[in-house]
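K.L.:
Below, each chain spelled out in residue letters.
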Amino acid sequence: MRLAYTVVVFLLLCISAAVAATDALVPAATEKFEVFHNEAAEFVQRGELQVFDDGTAQYQSIGLQAPLRLSDTSAIAQDDSYTVVMRSLNSSAQFVASVKKCRLNSDQKVEETFVIHTFENGNVFHIDYDAGSSANCQNDRTETKPVTFTRVLLKKRALGPVPKLNAAPAIDMSTGREQQPEPPKSFLAKYWYYIVPIVLLLMIGGEEPQQEGNTRRQ
Amino acid sequence: MHFLVQTVLAVLLLGCCLQSVYGLFPDEAGRIDWYRAQIGVPTKLIPHTANDTSLLYASTQRNVVAALRADDGQIAWRHVLDEPIRTLLVRDERVLTQSGANESHVRVWDAAGGSLSWQVSVPGAGRAAAFVRGSSDVIAVAGDTLVRLTPESSSPVWELGLNNTAVYQRIVIHDDSVFVIGDAPATRKRKRRLHVVQVEASTGVVQLQYDTAEEVALRGGSVVALETRDYGAYLVWREPKNILWYVHRLGMTSPMWEIYHAKLVEVELMPPEMLSSTISEVDIDPGLKNTARFTLTYEKDSKTKTVVVEMFRDGDRLEMRKIASFLAPGRLVAAGPEHTVVAARSAESGATWRIRGSEKHSGDFAYARSNYGDVVRTALTFVNGQPHVVVQTASGLLAALQPGSDAPVWSRNEALAHAADMALLELLPPASSAEHAAQETDPSVQPSAVARFVLRWLAAARALGNWAASGFGIAGTHRPALGPTDGDHFGFRKLAVFGSATGAVTAVGSQDGAHAWSHHLAVGRAPVRIEHVFVARSGHVLGDAAPVVVAVGRGRNNTVVAAFDALTGNVLSQDVLPFVYVRAFELPATDSASGLRVLGLVVDGSEPRLAVWPATSDAVDAVCAFGSPLFFELGDTAGSTAVRGYRIECSSPSEPQLPARLEWEFALPAGERLVSAARYENGAQHTALQGRVLGDRRVLYKYLNPHLGMLATQHKQGIGVYVIDRVSGRLLHSAVHEYASVSRAHPFLATLSENRVIYQFWQGLPEGYVTAVIELFESDRPDTRDERTVVSSSDLRVPSVHSAAFVSPGAATALGTTRTGSSITTRDVLFGLASGKLLALPDALLDPRRPMRAPTKDEQAEGLMEYAAPLPLDPRRVLSHQHMVAGIRHVVSEPTHLESTAVVAAFGLDVFFTRTSPSGGFDQLAPSFSKANLVITTLALAAGCLLGAPMVRRKLTNRAWA
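Heads up: the sequence lines are chains V and S, in that order.
If you read the first sequence in this note's numbering, its first letter stands for residue 1, the second for the next number, and so on.
If you read the second sequence in this note's numbering, its first letter stands for residue 1, the second for the next number, and so on.
Worth double-checking, as some hints may not be accurate.
[What the hints assert, rightly or not] Derived CB-CB ranges, DEER-like: (1) S/GLU435 to V/ASN139: 51 to 59 Å; (2) S/ARG781 to V/GLN60: 27 to 35 Å; (3) V/ASN139 to S/ASN557: 16 to 24 Å; (4) S/SER743 to V/ILE62: 47 to 55 Å; (5) S/GLN924 to V/ALA135: 41 to 49 Å; (6) S/SER800 to V/GLN60: 40 to 48 Å; (7) V/GLY176 to S/SER800: 43 to 51 Å; (8) V/ILE62 to S/PRO872: 54 to 62 Å; (9) V/ILE62 to S/SER800: 39 to 47 Å; (10) S/GLU665 to V/GLN60: 21 to 29 Å; (11) S/HIS715 to V/ILE62: 50 to 58 Å.
Quick caveat, the hints were computed from the structure, so don't treat them as lab data.
Since the model is a prediction, treat every value here as computed from it, not as a measurement.
All C-beta atoms, glycine included, are put in the ideal place defined by N, C-alpha and C.
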């Protein structure tokens with residue numbers, strides 16, 4: 001009975017440790033943005049964009065019923081542009097990007113792409129936006145299709161390349177010339193101090209069973 | 001008979017072939033480049049004789065201290081300093097310079113050879129310096145500190161902190177006293193005045209300090225400091241609104257004035273003339289005589305007159321006497337040895353000059369003032385006892401003149417040392433007699449068929465006569481001398497048109513540097529600071545309208561656009577526009593009326609606008625009729641925190657300036673400031689190959705985008721690098737270089753070429769210059785490309801990036817790449833180095849895909865080499881070979897008619913032109929090619945055919961009968 005109780009307690013401990021470890025693996029959001037699209041001269045929230053500390057990002061659309069409207073922005077909704085405003089919930093940062101509205105004049109589904117540029121620590125410093133296609137501007141259509149698919153690309157600022165320097169050559173102080181590398185040693189020359197004792201041990205220690213056997217035979 | 005006709009025809013045919021053979025000849029070796037050493041526009045000229053050689057010492061606006069030989073104007077020696085030169089003095093075979101804005105560098109040079117005798121650097125801006133008489137020491141003001149420096153020690157002998165009530169800018173030394181004179185600003189209780197500190201030269205102890213000379217400033221033209229060997233040092237000044245002149249002996253405060261009088265010299269002046277008069281110092285080596293000279297300039301009868309006054313002492317009395325008078329301002333008067341003075345002034349047809357004193361001479365210098373500007377400085381030298389008057393004009397021309405001759409003994413055009421931009425113009429080869437005949441007998445020119453027939457025969461007869469006159473030489477071997485505006489069949493000869501900050505527009509031949517024409521651009525008397533030169537119309541075809549170049553520059557509050565006939569230098573138009581432009585660029589449109597390329601000038605303001613030049617409705621219509629929208633960006637200057645892109649709007653094309661709409665804004669991350677911006681220049685975006693063919697025959701497609709731009713920023717951690725699309729403002733790549741920094745000593749340089757961005761910066765850890773390369777591809781997977789037929793900057797294209805860094809071959813001051821006609825030839829990356837070398841490295845060395853190990857067979861097939869960090873400073877790749885091209889700021893390359901060859905120019909202080917073939921001269925005859933062998937072989941084959949033909953005929957006949 002006591003054993004069963006101990007096993008149950010041990011299992012419970014294991015489960016709680018596993019849950020704690022799983023919690024630790026869930027990435028934390030470093031930045032969170034409300035995404036507003038301009039519709040009829042006003043900015044209406046369409047989704048939320050989260051950037052996580054593990055180098056991933058997630059876009060979540062929100063429902064069309066009673067969406068939030070953006071009033072305190074300097075962004076101007078141009079007639080011929082489709083503008084998005086990303087307002088950070090962590091800071092006062094606000095990113096504005098736009099594309100020509102005619103790019104959304106498609107009879108197929110319209111895709112949009114956010115390219116999120118981050119520092120090494122995951123903080124966002126620039127956002128690029130693309131929607132539709134420039135080929136749509138050649139269409140006769142004038143009706144703008146709503147965006148139905150969102151793609152997010154995360155680009156971290158790279159560490160610039162540095163020259164990869166070789167070690168400085170050793171100089172022979174007696175001649176002033178570059179020291180030539182020593183010629184590679186053979187396997188025996190390299191490991192003789194391992195091999196010799198083993199061989200000696202084998203030679204010395206290998207006699208005994210035979211003597212024993214001989215003795216037994218005797 | 002038939003055989004003879006055949007032979008004659010064959011020979012004639014071969015003769016025709018000879019005419020069209022061109023090649024590089026051995027005698028062209030060493031003639032493909034030229035080099036011109038410059039010193040810049042002088043700020044001071046001092047004649048002096050060192051080692052029995054008459055020299056002219058100069059400090060210049062390009063921070064050069066130099067000695068010119070007075071007999072031929074050639075540079076005896078020169079040194080390019082890193083900082084502006086404040087003081088230049090010459091005495092006893094020594095030259096003293098003081099330079100530096102934050103640190104005062106005092107240097108003493110050997111006057112004859114130019115070697116550095118000693119130097120000491122002292123904290124604080126250099127303001128004044130002087131030799132200590134009878135000693136090698138120098139006393140200098142650095143910031144608010146007076147120091148005595150000696151060649152024996154790097155530390156001052158003594159230093160004295162001066163009170164900061166004045167800005168000390170003048171040192172006068174007499175016996176063991178040093179007088180330091182400064183401008184003391186006005187206070188509530190006191191007027192502006194001069195403050196004098198008397199210091200014992202040997203110990204640095206203050207003996208006396210006092211104020212004098214109210215309401216005058218040292219550089220205001222109302223006070224001079226005079227030095228004599230035995231009779232002390234003096235200040236002479238006149239207060240504003242006062243006709244009295246005061247003469248004060250330095251160090252004597254009671255009485256303060258030794259003389260004060262309205263009539264200082266033997267000149268009768270009315271009070272208005274007296275009140276407008278100015279005085280200036282004139283002695284070139286003050287303090288060595290017992291007389292001191294200065295000039296008094298006044299306006300009388302609408303003329304500017306100057307008298308040269310000599311101060312001397314007669315017993316106890318201090319006297320002034322007039323020794324010469326000139327119709328010229330005092331700044332154009334210069335002193336010579338003994339009692340000689342010279343003055344030059346601008347005249348109707350150039351300049352006129354007079355020497356007065358122990359010798360009397362006069363003369364004229366005939367030149368077009370519109371070409372070189374007014375005379376701004378004069379100096380007097382003596383060569384073998386003969387006076388040489390050196391005049392300097394506003395554009396930077398130095399000319400030495402001598403009595404009895406209007407033509408200069410020598411001249412130097414220093415305007416090229418201040419060149420801000422250069423355009424290379426394609427030139428046509430001189431028309432041959434056949435081309436002239438074709439032009440003359442064109443039906444559109446000569447409608448009469450009979451007249452055309454006669455003209456053709458006359459042209460043929462003329463050509464025959466010329467041929468006979470040339471000794472019946474083979475066509476092509478006898479070539480007339482070509483001028484700077486004559487082109488050649490290979491396109492090697494171009495016209496280089498430079499625009500300088502001095503207002504000079506100068507055209508020289510790219511082949512040999514021969515001067516073609518010059519013009520001085522000014523608004524009133526103020527020179528225009530030229531920043532851009534464009535080719536507005538190129539004359540590619542014989543009979544076309546003359547080519548036109550346009551110079552764009554800034555006046556005081558305006559923009560000047562001047563158009564020139566590129567072949568003659570005649571000014572076609574000069575427009576002074578009532579705004580200051582912030583950006584000038586070529587637009588993809590041509591004004592239909594004039595045939596000129598349309599230029600855009602951005603006018604900044606709350607809403608930027610684009611002014612179009614020529615300002616005609618045709619030009620505006622041409623811009624608005626362009627198929628695609630046009631963009632420009634602002635804010636890409638050093639110190640900016642955001643770059644903005646604008647689209648030109650054609651909503652109201654009738655307006656003289658087109659509005660522009662903000663399209664995008666790229667705000668730099670917080671804490672970062674822009675230090676440099678780069679874009680494609682001079683056709684560097686052109687390419688012949690859309691991809692890199694890999695060793696396994698697959699293709700890695702290049703990310704080609706003509707709107708690529710690069711921004712470099714400085715922040716605490718290092719340098720940020722951003723590659724952007726300049727039309728959409730999208731960020732294509734970003735990187736940070738830690739421990740890197742940008743400063744005036746270590747500038748950031750970048751150049752764009754095809755799909756590469758090449759840049760150099762200073763790395764603090766490990767210390768040294770680094771050259772980094774970013775190469776953009778459409779994808780990192782081979783054979784994967786954007787399949788869209790129309791590619792737009794507005795479409796999102798995320799490139800795949802390869803980058804690598806190398807150790808620079810040296811500190812570069814300019815970067816560029818070679819450019820050939822079709823961009824088939826591989827490019828060389830050009831480094832203009834601070835050491836004066838122009839280095840051309842093959843772009844394969846800067847390939848970011850170089851493997852870090854021995855290359856595989858596929859990589860070898862692709863031409864990839866194993867990575868090695870140092871970029872070699874291979875002497876065989878130094879285009880400038882033995883020339884030291886100082887102060888390179890620009891490296892420019894232009895294609896020739898040969899795909900293999902590009903013209904390369906490097907300029908800044910010096911000018912260097914050459915041509916290079918990065919992939920070898922694959923489309924040229926080798927110098928060892930023997931044309932004689934070719935002719936002999938062809939003749940032998942022809943003879944063989946002729947001899948063999950009867951035999952073959954006979955054989956065929958025999959076979960037919962058999």
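K.L.:
Does each hint hold? Answer for all of them.
P.N.:
A quick look at each hint next to the structure:
1. S/GLU435 to V/ASN139: 51 to 59 Å: With Cβ atoms ~53 Å apart, the hint holds.
2. S/ARG781 to V/GLN60: 27 to 35 Å: Since the Cβ atoms of S/ARG781 and V/GLN60 sit about 31 Å apart, the hinted range of 27 to 35 Å holds.
3. V/ASN139 to S/ASN557: 16 to 24 Å: Because 49 Å falls outside the window, the suggested range is violated.
4. S/SER743 to V/ILE62: 47 to 55 Å: About 50 Å separates the Cβ atoms of S/SER743 and V/ILE62, which means 47 to 55 Å holds.
5. S/GLN924 to V/ALA135: 41 to 49 Å: Holds: the Cβ-Cβ distance is about 46 Å, inside 41 to 49 Å.
6. S/SER800 to V/GLN60: 40 to 48 Å: About 29 Å separates the Cβ atoms of S/SER800 and V/GLN60, which means 40 to 48 Å is violated.
7. V/GLY176 to S/SER800: 43 to 51 Å: 47 Å, holds
8. V/ILE62 to S/PRO872: 54 to 62 Å: 60 Å, holds
9. V/ILE62 to S/SER800: 39 to 47 Å: At 34 Å between Cβs, range violated.
10. S/GLU665 to V/GLN60: 21 to 29 Å: 27 Å, holds
11. S/HIS715 to V/ILE62: 50 to 58 Å: This hint is violated: roughly 36 Å between Cβ atoms.
Checked against the numbered hints given earlier, the structure breaks hints 3, 6, 9 and 11 and satisfies all the rest.
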